[in-house]
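Taken in order, these protein sequences are the chains called X and F.
Under the working numbering, think of the first position of the first sequence as 1, with each following residue one higher.
Under the working numbering, think of the first position of the second sequence as 1001, with each following residue one higher.
These aren't lab readings, by the way, just hints derived from the structure by calculation.
Just so we're clear, the structure is a prediction, and the values are computed from it rather than from any experiment.
Errors might be hidden in some of the hints.
Quick look at which bits of chain F chain X covers, simulated, 3 or more residues with Cβ under 8 Å [claimed, not checked]:
1) 1282-1296
2) 1306-1313
3) 1380-1390
Cβ coordinates follow ideal geometry from the N, Cα and C atoms, glycine included.
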Amino acid sequence: MLYSEKVMDHFQHPRNVGKMEDADGVGEVGNAKCGDIMKMYIKVDDKDVITDVKFNTFGCGSAIASSSMATEMIKGKPITEAIKLSNQAVVEALDGLPAHKLHCSVLAEEAVKAAVDDYYTKKGVKPKVQE
Amino acid sequence: MYVYADNAATTKMSETAMKTMIDCMENYYGNPSSLHSVGQEAATKLVEAREIMARYLHANPSEIYFTAGGSEADNQAILSAAAAGERKGKKHIISTTFEHHAVLHTLQKLEKQGFEVTYLDVHRNGLITAKEVADAVREDTALITIMYANNEIGTIQPIAEIGALCREKKIPFHTDAVQAAGHIPIDVEADQIDMLSLSAHKFHGPKGVGVLYARKGMQLVNVIEGGAQERGKRAGTENLPAIVGMAAAFRESCENMEKNKEKITALREQLINGLEKIPYSVLNGDRTHRLPGTVNFIFEGIEGESLLLLLDDKGIAASSGSACTSGSLDPSHVLLSLGIPHEVAHGSLRLSVGEYNTPEEMEHIVNSVPGIVEYLRNMSPVWEELKKGERKHFLQK
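Take these sequences, add in the hints, and give me the full structure.
Next up, the structure:
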């Protein structure tokens, strides 16, 4: 098999799929030309904790699984922790990705950061994500 | 229900071919080059197989060279014509942008050695015209190599017209007939083909064996050096079980071609009629000038690999020209050559059916694809943008 059972599980039963109309932060990364776009929505409470996450992804199995896993990993976490999510952590949580699919996990990390970035921008706080 | 709809990738072996191979392995294990009777009995089998391949291609047995498959045959044909051309100071080759990589990569190798290649653009319908080939001909054209039928979209090129043109201009003509052989009639005499490649596993024969047909008088260069097998043009002890298996499968395919063609075309039409109802989808390649069993669709707003994985879940084996399925970042060069933009080409699906498939299986595919496409579109930000008009549709309806 190309993918681990974890990847297949998250691909076949993706967690937190959908849009969020009243999101506090929205991040979109990737490029349709390259075959992957991830859009991530976060809802943040007044204690800067991510209370809800949703995603929409155009891409292959590992892109969908990476997005799904990333949403699970940041849901319920303080924003300060969410921005530390690394692509390696996503890969490990998925029990690995094939070498040519690693960029999908990078996109997942970037999508989270972009959503947090947007949240800070909307709040008027200087973004501390993309450094 | 399990549906194998990836016959353009490879086919299930025919029972006739398998039985022939087992018989060969049990009873004709000698080396055809050996002088003793065990070897000579094997040599007889080799002669028979060569005669069968020649008969159904309308060639002479002495023009059949057994290879380890279509890629090797493509390599040898092109390198041979290039070498012959170079000796006469001719270093120009004409081909198309949507050839198989066995052809394209060999041409690219020759370009590094100083050859110039004209790659003809393919129209949106997946066809080129003989006129376009004629217009590209130069004084120093050493070879014209154009595929008989395309592997991804199944369109059939005007081979006889191109053959006539090449003969008139005295330019060697090679065609990669890997997808066509065993599925549509091929007559190297009538089509005026000088060299042709085919591969057994595309018509229910074994893998790892093929044929290079080279018209008498074509000078071949060796890709593999060594012994005197294949009249000195392809060294190595013959893979006799595979060769006789190929011949058995080819004979069976050609003998049943008309009957199969009718059945397979009906299956293909069932697929096309069912799938074209999906909004913002299109059949790639000309509707009629196509192989009986090959269907290629694109669906806007989704990516092919996830479509394949979900189809596999429903027991449907298909393929896609999406980048993610190939391990590269670019989608299929074939779809791009038709003028389909990158982002749309990612959403392709190839279904290739054969005589072992049934109408019930086609119904299962037609019933399964729309729901999967809709599911993937619902989670696709690209589809969202298309719906909102933030991104322009490439396809109608």
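Status of each hint after checking the structure:
1. 1282-1296: violated (count 0)
2. 1306-1313: Held - the stretch 1306-1313 of chain F has 4 residues with a Cβ nearer than 8 Å to chain X, which meets the minimum of three.
3. 1380-1390: holds (count 5)
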